[in-house]
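Those protein sequence lines, which keep their order, are chains A and B. Heads up: the first sequence runs through residues 42 to 148, numbered per my numbering. Heads up: the second sequence runs through residues 108 to 581, numbered per my numbering.
Calculated directly from the structure, the hints in this document are not laboratory data. Any given hint could turn out to be false.
[Claimed, not checked] Coverage of chain A stretches by chain B, computed from C-beta distances (three or more under 8 Å per stretch; other residues unrestricted):
(1) 67-74
(2) 94-105
(3) 127-137
[To be verified] Once the Cα atoms are required to be at most 27 Å apart in a straight line, the calculated DSS-like pairs of lysine-lysine come out as:
(4) B:K202 to A:K131
(5) A:K62 to B:K524
(6) A:K62 to B:K457
These numbers come from a predicted model, not from an experiment. For every residue, glycine included, the Cβ atom is placed at its ideal position computed from N, Cα and C.
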Amino acid sequence: MANQVLYYYEMANITRDDVLKLARLARIDLSDKEIDEFAGEFSKILAYVEQLQTIDVTGLEPTSQVTGLTNVMRPDEIRDYGYQPKDLLKNVPRVQDDQIKANRMVG
Amino acid sequence: MSQWLPIAELAAKVQTGELKVSELVKKSLKTIAEKADYQAIIVTLDERAAERAAAIDRDVATNKKVGRLAGVPFIAKDNFLVFGAETTAASNILKGFIAPYQATVINKLEAEGAICVAKANLDAFAHGSSTENSDFFTTKNPHDKTRVPGGSSGGSAAAVVLDMAPFALGTDTGGSIRLPASYSGCIGYKPTYGLVSRSGVVAMASSTDVIGPLTNTVEDAALVLDVMAGRDELDGTTIERETAGYTDLAADIKNVKLGVIKEFMGTGLAAGVKTQLEQAIKKLEAAGANIIEVSLPSLPLALAVYYIVVPAEVSSNLARYDGQRYGYSFPEAKNLDESYSKSRAIGFGKEAKRRIMMGTYVLSTGYYDAYYKKAQTVRTKLINEFNEVFKKVDFLVGPVAPTTAFKIGENIGDPLKMYLADVMTVGPSLVGMPAISLPCGMADNLPVGLQLMAAQHQDRELLSLAKAVEGVIS
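I would like the entire structure built from these sequences, with the hints used as guidance.
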């Protein structure tokens, strides 16, 4: 565990390259100004959340939801909500022949 | 004093024909127009509201039975899908988005005769504590125009305090109903996680997002909750409602065991807030409550847990805004990848970008265990501590926030400082328990909020206590 703690603190220093990598993963183009600002801010926020590393959680499982519900099912039925295709397509940026037109995947 | 009668009375007078719904809607829209300079509202729904008002007035005239909220105007935070208006979540990326379906809670409220008259401002996608992260404009505090109303449901809280409608809807992920209720000076209720359907509400962090009312009185909040609560097959996380419902509250306080959270009453609490809280607690003791100091040692860590878990869920929920199916789309993209990256770059504001990328970071290979899994495990520790405390006391009491409303612009340059406004509200969110913010006097001419909390599923009991507390401290 000791070397892991060291590793966390090293990680808290977020560089411009780290921000660029994240922006790429999150599919957001950033300006140079944004990259600089986020690098500083993320280092600060991560330094704050580092305090969790000192907490002993031996024997505890992570919590991902708090209802205790599992496998909530409903019948798989077709329901008529009274919509026409054009109602559901009116928010779509590019429509062709009642279909959503997306950008090219390559090229 | 509010210009609005208590909601139950208002609906009763509509039923008897003593009050005309079209007049109530006009009164609401008139107040919104007169107080436009507070910038609480994004859009009004004049036409649809007028049509619905006329329909209810006709029903009353022909002696038809109308609902429990007949003719009661309300304002929805602009992350609820409502027919007849744009739903933007105060974000540029959703500008122009017309809801093709309506939120379950709006359907339920309309079925009882309530009328949505306007959509309120918020921090874009509910990311914030002040409404300054709205991509459109900042709402002003009803008590001081140079200050924030709190957030993210700041438009909803300001609208209630400015008397624009008898109630407003908000969403609370880490304090977004309770904090603005505290800063602006009204009641804000965050129910048990899962009690109210979120179908048709723009998702922020799905493991803590809840919907609740902002009102003038506890009884009003209870009535609105009573209409909204319960299972919905369109939201698989919803739970059963209390069989006794949430109205006809006993207002008990005698011999109630009230735990005062030690960690929240120490340093870091502004002097004026502390004084008001201590005076309120003394009054509650005099009214018969049994005051017990309790400790939740991990509670000060809740904010660190929150700012790992929530950005992670935000990054996942906001992945759907890709410029292809709806929302802003960069028109000159050469390929799909550029369309994603440019649409999101232009469509998202700074805080959404910040949270998406923080979330991406804590979920990415190599960091997942260290940040996300660790935070989720500390969350378990926190839940266990609350469970232990609720073996000793019936309810918990403390402040809503360490300070009163801050100045517009004061924290905007320092995201971490902004996040600290939520330090006392995120605990109940991570645990999924109900909590309420009640006005508790003023400090330096600004409202102070008192927070009451209960164990999961104790909504009826909490509202009952809150009604008693309201009578004692106000």
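Compare the distance between the alpha carbons of B:K202 and A:K131 with 27 Å, and conclude whether the hinted pair is satisfied. Since the Cα atoms of B:K202 and A:K131 sit roughly 13 Å apart, the hinted pair holds (cutoff 27 Å).
Is A:K62 close enough to B:K524, meaning Cα to Cα at most 27 Å? holds, 26 Å
Are at least 3 residues of the segment 127-137 of chain A within less than 8 Å of chain B when you compare beta carbons? holds (count 7)
If you count the residues of the segment 94-105 of chain A with a beta-carbon closer than 8 Å to a beta-carbon of chain B, do you get 3 or more? holds (count 8)
Given the hint that A:K62 pairs with B:K457, does the C-alpha gap stay at or below 27 Å? Holds - the C-alpha atoms of B:K457 and A:K62 are around 17 Å apart, at most 27 Å.
Do three or more residues from the segment 67-74 of chain A put their C-beta atoms closer than 8 Å to C-beta atoms of chain B? As far as the segment 67-74 of chain A goes, the hint holds, because 5 residues have Cβ atoms under 8 Å from chain B.
This entry satisfies every hint, going by the numbered hints stated previously.
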